[in-house]
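Please arrange chain B on chain A, whose structure you already have, making use of the hints.
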Amino acid sequence: MHVIIVGAGEVGWYLAQRLGAEGNDVVVVEQNESVAAAIGAELDVQVVVGSATVPSTLQAAGIDRCDLLAGVTQNDEVNLLASLLAKEFGVDQTVVRIQTEELRGPLGARLLSTMQADVVIDPDADTADEILELAHVSGADEVYPMSGGELLVLGAVVGGSSPFVGHDLAEIGRSFEPNWKFLFGALTRDGETVIPRGDQVIEAGDHVRVLTTRSARREIMELLGVTSRQARRVMVLGGGSVGSRVADQLQDEGATVVLLEHDAHRAKLLSERLPRVTVVQGDITDTELLLEESVSRMDLVIAATGDDASNVLACAYAAAEGDAFTVAVLHRLALLPLVRQFGIDAALSPRTASANAVLRHIRGGTASVATFLESDVEVNEFEIESGSTADGCLVADLHLPHSVLLGAVTRRDGSAEIVRGRTRLDAGDNVVVFSRPDALAATRKAFSA
Amino acid sequence: MTLTAHSGGRVSWFGERGERLLSPGRYSSLVANVVGLTLAVVGVGIIASGVIELVDGGPHVIVLALAGLGVWAVGSVVWRVTIVPKQIRVLDVFTTVTLAWVAMAVAGAIPYLVTGHFDRIDDALFESISGFTTTGATVTPDIEATSKGLLFWRSTTQWMGGMGVIVLVVAVLPTVGSGGMSLLAAEAPGPTGERLTPRVRETARRLWGVYVGLTVTLAAAYFAAGMSLYDAVSHSFTTVSTGGFSPYQASIGHFGSAVIEWIAIVGMLLAGGSFTLYYRALKRDPQPLLRSTEFRVYLGVVAFIALWAFVVSGNDGGQAAGFRDSLFTAASTVTTTGYVTAEYGLWSQTAQLLLLVAMPIGAMAGSTAGGVKKVRVMAVASYAHREALRHLHPRLVRPVRVGNGILPDEVAGRVVGFMMLALAIFGGGAVAISATGPDMITSFSASATAFGNVGPGLGALDHAGDFLAIPRPGRWIAMGQMLLGRLEIYPVILALSVVTLRIPRAFHRRRSVD
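The listed protein sequences derive, respectively, from chains A and B.
The numbering used here puts the first residue of the first sequence at 803, with every later residue one more than the last.
The numbering used here puts the first residue of the second sequence at -7, with every later residue one more than the last.
Wrong hints could be hidden among the right ones.
Unchecked claim - In silico negatives: residues of chain B with every beta carbon more than 10 Å from chain A:
id, residue
1, G49
2, W64
3, P278
4, L338
5, V389
6, V484
As the list claims (entries may be wrong) - Some but not every residue of chain B turned toward chain A, in silico, with C-beta under 8 Å:
id, residue
7, R112
8, H385
9, P386
10, R387
11, L388
12, P391
13, R393
14, I398
It should be emphasised that the hints constitute simulated quantities derived from the structure, not laboratory data.
In this text the structure is predicted, and so the values were computed from the model without any measurement.
Virtual Cβ for every residue (Gly too), placed ideally from N, Cα, C.
Bound-form chain A, shown alone (with noise of 0.2 Å):
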């Protein structure tokens, strides 16, 4: 698959990454020489300097045998030409990064229409929705609804007191015959991700992705040993448009909330849009203004300005004054080995979330694209289709390859189970996969006819 990628910013270059490992020729457009030089360096794409709004610049990243244009600049304006230049050019599908709202809303329906573009993203709504499914599912430092949302995969560290410490994947799960409510989907440790096996022993302080069904998430986090509660007083850092939205809903929810914003305007702007959020004025790294609004009380401190350092830092003084649970949104995934160290709980970056939704939309048949922070483990979702070596098969008679692990299947009636060996596939079941993008390819090929 040709792609074209317009904007080589957080989402561009994570995009990239992600495409460019699956086997895309994927050729990067960016204006600023010197960004274009530092990814044509780090990644191995093609990189054409100049803008996507002019045609010529188009024709030479090869937009006349383009599969897929993905306009993800911070400008709506830039994204929007480019989609619509892109499908005169006869691209078959476009994604486009649109930031205003209100352009997202019914309001600029009839405009998104017109440009034809395939699927809108934006990151901001993106983290914000992650941010809410960690707030829900409290204790889990990861997130990602699947099959519509009836699975999740929740990411944790495995704590002391967990039954399963010490204990192998192939001694827990006899525990739990005969129905299994989850399945370990990936293991972390010592910084190196792994798609477990059955004599993989779990270990306090491990991180792993769990699959479960929603209704199970709470006992799934008790046996893991993490301690959950419900957010009822929570603080958000920032005001910008992740923490706003967070702010709103976690209010709506019922939560008490408190928000505190850096500049004076936007805080004003903030106070009036938000009626029941108290809004605070101040530097998030103020400790004496911390301390006034009691972060020492808090169940939640989610901090998401734009400066990593600022949100790295007000976690860590929330996480060492009280027990709050701590969300640091970062936009340098280089940090992330080091968020642990300093007591924060879960960190998220906007790049990922939008990077899901666009890679779900290319890979078609999946419908949910789950790609952790820090490994190159994903999460997918496929639809078997009639005639593939998947329909009627059992999975055990499959004989995938080693870096693929079959999660979960999603009936057509709207079940979902975890996926033993003898577990029986049929044309229409969704089924979750753990894999490693390499492998993707095989995956896709035994469910598809």
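Leaving out everything else, chain B in the frame of chain A:
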């Protein structure tokens, strides 16, 4: 006097192509122009009363007609020889509005004097001011002994003052440009200077259109309910304007008719709502009215007071009130109309106190009611709430809200300032009136009823607003309060400050020329 005040520019007579623009001798003065037109309108009103007197066969036809013609002539001449300047200054607006009202009050007192109804100028002025400010307090000892023409004039003053003569003048003036809206805002009750149309003249016309429409509807309803045509028109005038004058000593209670009382209740409640929102609702946009928090609070307060009087009063050391009487009195007080059907002086102390508190607050902004308006009280409540929260969150950012609307901080500050002034005028006025003799409750209610443009009060004032119980010096204070209340303080104070600042400066200038 005002002719030369701003005669800086004598306007050119001819345009660029030599066409005649103006008749010779026209002066550019906002004050003179507006005052002149106002007087002309007042003159027409007096003539109309003369006509009523003629139809009724009363004794004062000639004097009323002559007085009316005189006022009309003076006003017309002043209006004719002046034009509205292109640039209107803020101070001019306040001076104009205040002077127009003073001129109106003085001209309105003339009929009472020339017919011999009052011997003293201050009595005539009191009746006139009480009329134009839609207060409805009176110093007439025997209302039924007064001739019908004069009583009609009494009602007419309230009708003119209700929507505001300035609004009418702006509607009539051919060329009011940018400054017109500030004229409206300076006179209109409540802090909303909202444009209904891009052109201010159209806005003024529409407001008067709604006002006249409501008057005609009410008159028809009263007439259908059994009033004579004269009574129906008189009462519709004083209902839509929330004035409260009645040609009968017993007010609406004179008719002893449940239907008429219900019509009056509905009419008063309508007059206490925003005419701007009515206009919109008539234009098939009822949402702003139905969603208005102030409208709901206003109706809620009426219901609360009525229910208190109806349910609690009888068990609380007072006389039980009938349901209709309770509702009538609550509506009459909250809308600052001042009609009376019940002996509310016999109600429980709490019920009476509720009435007293409701008086200076009044009804809804943009209505014809007096008082400081619900919206200002709501703004101050939101302001106080914010300041209380600031103790918990010292760096809190929070706007002052009224319903779903947001008051910018500078406006909220102005509202708080206004409320402090209002409180000072209400409290200070009560103390001053009390110093002239009356007891405490009478003094307080006199201050409340005058500043809130209500009419009747408590204590010695509880029978259809008879201010004869207040000594003359106290009545002067009440007159000031009525004007301050109707014009919502600032125009009067600013105009006074203009006078006190300009006069010394004028002396100073003269001296330096010498």
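Going down the list of hints, with the structure as the test:
With a least beta-carbon separation of about 64 Å from chain A, B:G49 lies farther than 10 Å from that chain, consistent with its non-interface assignment. Every CB of chain A lies more than 10 Å from the CB of B:W64, the least distance being 51 Å, so the non-interface label holds. The Cβ of B:P278 sits about 24 Å from the closest Cβ of chain A, beyond the 10 Å cut-off, so the non-interface label holds. The beta carbon of B:L338 sits about 45 Å from the closest Cβ of chain A, which is more than 10 Å, so the claim that it is off the interface holds.
Separation of B:V389 from chain A is inadequate, the least Cβ-Cβ distance of about 4 Å not exceeding the 10 Å criterion. Residue placement check: B:V484 keeps its beta carbon more than 10 Å from all beta carbons of chain A (closest about 34 Å). For B:R112, the interface hint is violated, since its Cβ never comes within 8 Å of a Cβ in chain A; the closest pair sits about 55 Å apart. Satisfaction of the interface hint for B:H385 is found here, the shortest Cβ-Cβ separation to chain A being roughly 5 Å, below the 8 Å cut-off.
Given the 8 Å rule on beta carbons, the hint for B:P386 holds: about 6 Å separates it from the nearest Cβ of chain A. Taking 8 Å as the C-beta contact cut-off toward chain A, the hint placing B:R387 at the interface holds, the least distance being around 5 Å. Below 8 Å, beta-carbon pairs count as interface contacts, and B:L388 has one with chain A at about 6 Å; its hint therefore holds. Given hint, B:P391 at the interface with chain A, holds; its Cβ is 5 Å from that chain's nearest Cβ, closer than 8 Å.
At its closest, the beta carbon of B:R393 sits 7 Å from a beta carbon of chain A; the interface hint therefore holds under the 8 Å criterion. Taken as an interface hint, B:I398 checks out: its beta carbon lies about 5 Å from the nearest beta carbon of chain A, inside 8 Å.
The earlier numbered hints that this structure contradicts are 5, 7.
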